[in-house]
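Novice: Chain by chain, the residues run as shown.
Number of protein chains: 2
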Amino acid sequence: MKRLAHSGLHLIANLHGVEAGVSVMTSLPACKNLCRQAVKDAGLTLVGESFHDFGEGLGVTGALVLAESHLAIHTWPESGYVTLDVFVCNYTADNSDKAKQVFETLIEAYRPQRVQRIELPRE
Amino acid sequence: MKRLAHSGLHLIANLHGVEAGVSVMTSLPACKNLCRQAVKDAGLTLVGESFHDFGEGLGVTGALVLAESHLAIHTWPESGYVTLDVFVCNYTADNSDKAKQVFETLIEAYRPQRVQRIELPRE
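Residue numbers (the numbering used here), protein chains in the order written: chain A, 1 to 123; chain B, 124 to 246.
In isolation and in its complexed conformation, chain A is listed as follows:
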């Protein structure tokens, strides 16, 4: 088995100017389906998840536990703000491209007016 020590890649985004009417901003099922599908399409492995709905107009939050590490998302429809984290370890394979695919898919789904992206190597 190829091992790349314990290097990892953490992709962080703060999304601004997201319309409250975007379904993934307020609908837990919509947000959950988006995250699950993005993880699946990228070839990452979901091993657990937890979501919470803060109630009418107050946003949703979720954490997906991956065999390769995690994805976390929080939405604040009242201020058009979303935070996104995609963290993958590269322990047995380089998962960086898969992480970037999930990350960009989610950002695109929220259609933010402005995005602050941070790419943080972890080791």
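Since the hints were made in silico from the structure, they are not lab data.
The structure presented is a predicted model; accordingly, all values stated were derived computationally and were not measured.
Incorrect hints may have been included.
[Claimed, not checked] Cβ pair distances, simulated, as ranges:
| hint | chain 1 | residue 1 | chain 2 | residue 2 | range |
| --- | --- | --- | --- | --- | --- |
| 1 | B | 166 | A | 111 | 30 to 38 Å |
| 2 | B | 237 | A | 21 | 45 to 53 Å |
| 3 | A | 113 | B | 152 | 20 to 28 Å |
| 4 | A | 57 | B | 164 | 14 to 22 Å |
| 5 | B | 238 | A | 23 | 38 to 46 Å |
| 6 | A | 119 | B | 130 | 15 to 23 Å |
| 7 | A | 16 | B | 217 | 17 to 25 Å |
| 8 | A | 45 | B | 202 | 19 to 27 Å |
[Stated by the list, open to error] Reference listing, derived: stretches of chain A covered by chain B, where coverage requires no fewer than 3 residues with Cβ under 8 Å from a Cβ of chain B:
| hint | stretch |
| --- | --- |
| 9 | 51-61 |
| 10 | 64-72 |
[Claimed, not checked] The calculated lysine-lysine pairs, modelled on DSBU-like cross-linking and capped at a C-alpha distance of 35 Å, are:
| hint | chain 1 | residue 1 | chain 2 | residue 2 |
| --- | --- | --- | --- | --- |
| 11 | A | 32 | B | 163 |
| 12 | B | 155 | A | 32 |
| 13 | B | 155 | A | 100 |
| 14 | B | 223 | A | 100 |
For each residue, glycine too, the CB sits at the ideal point set by N, CA and C.
Please arrange chain B on chain A, whose structure you already have, making use of the hints.
Specialist: Positioned in the frame of chain A, the structure of chain B alone reads:
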């Protein structure tokens, strides 16, 4: 209700040189109890969680969804490595001190030989 816009604080740590014999490194119940207790003691609000056990000697991983955002932890006992993320929004109150309390409690529990800490404001 006091609102601090959507500023947040993300505390990130990479822990090195953690002994594989430390129970929270390999035992899912021990890791889960540590995280839950630290969140509770700091006065943060757990609204969901998901943990996964990779099997004998292969580490545990967990994500705790908080009303204030999230906590994520991943352990690699085979290389003495742990990653820790504590992210809190300061939407209705400044939760920075609570986040720091959880963060330091968890780092202390792992007794790492070396820690890389990153403090990332998010807004």
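Novice: Just tell me: holds or violated, for the beta carbon distance of residue 57 of chain A and residue 164 of chain B against 14 to 22 Å?
Specialist: violated, 32 Å
Novice: Given that the stretch 51-61 of chain A was listed as covered by chain B, double-check it with a C-beta distance under 8 Å for 3 or more residues.
Specialist: With 4 residues in contact (Cβ-Cβ under 8 Å with chain B), the coverage given for the stretch 51-61 of chain A holds.
Novice: Given the hint of 45 to 53 Å, check if residue 237 of chain B and residue 21 of chain A actually sit that far apart at their C-beta atoms.
Specialist: holds, 48 Å
Novice: Would the pair residue 32 of chain A and residue 163 of chain B pass a check requiring their Cα atoms to be no farther apart than 35 Å?
Specialist: holds, 26 Å
Novice: Indicate whether the distance between the beta carbons of residue 119 of chain A and residue 130 of chain B respects the range 15 to 23 Å.
Specialist: Since residue 119 of chain A and residue 130 of chain B have Cβ atoms about 21 Å apart, the given range 15 to 23 Å holds.
Novice: Between the beta carbons of residue 166 of chain B and residue 111 of chain A, is the distance compatible with 30 to 38 Å?
Specialist: holds, 36 Å
Novice: In this structure, is the beta-carbon distance linking residue 45 of chain A and residue 202 of chain B contained in 19 to 27 Å?
Specialist: Between residue 45 of chain A and residue 202 of chain B, where Cβ atoms are some 20 Å apart, the hint holds.
Novice: Are residue 113 of chain A and residue 152 of chain B spaced within 20 to 28 Å by their CB atoms?
Specialist: About 45 Å separates the Cβ atoms of residue 113 of chain A and residue 152 of chain B, which means 20 to 28 Å is violated.
Novice: Going straight from one Cα to the other, do residue 155 of chain B and residue 100 of chain A come out at no more than 35 Å?
Specialist: holds, 29 Å
Novice: Holds or violated: are the alpha carbons of residue 155 of chain B and residue 32 of chain A at most 35 Å from each other?
Specialist: Given pair residue 155 of chain B, residue 32 of chain A holds - Cα atoms ~23 Å apart, limit 35 Å.
Novice: If you draw a straight line from the CA of residue 223 of chain B to the CA of residue 100 of chain A, is it 35 Å or shorter?
Specialist: holds, 29 Å
Novice: Counting residues of the stretch 64-72 of chain A with a beta carbon closer than 8 Å to any beta carbon of chain B, are there 3 or more?
Specialist: holds (count 6)
Checked against the numbered hints above, the structure violates hints 3, 4; every other hint is satisfied.
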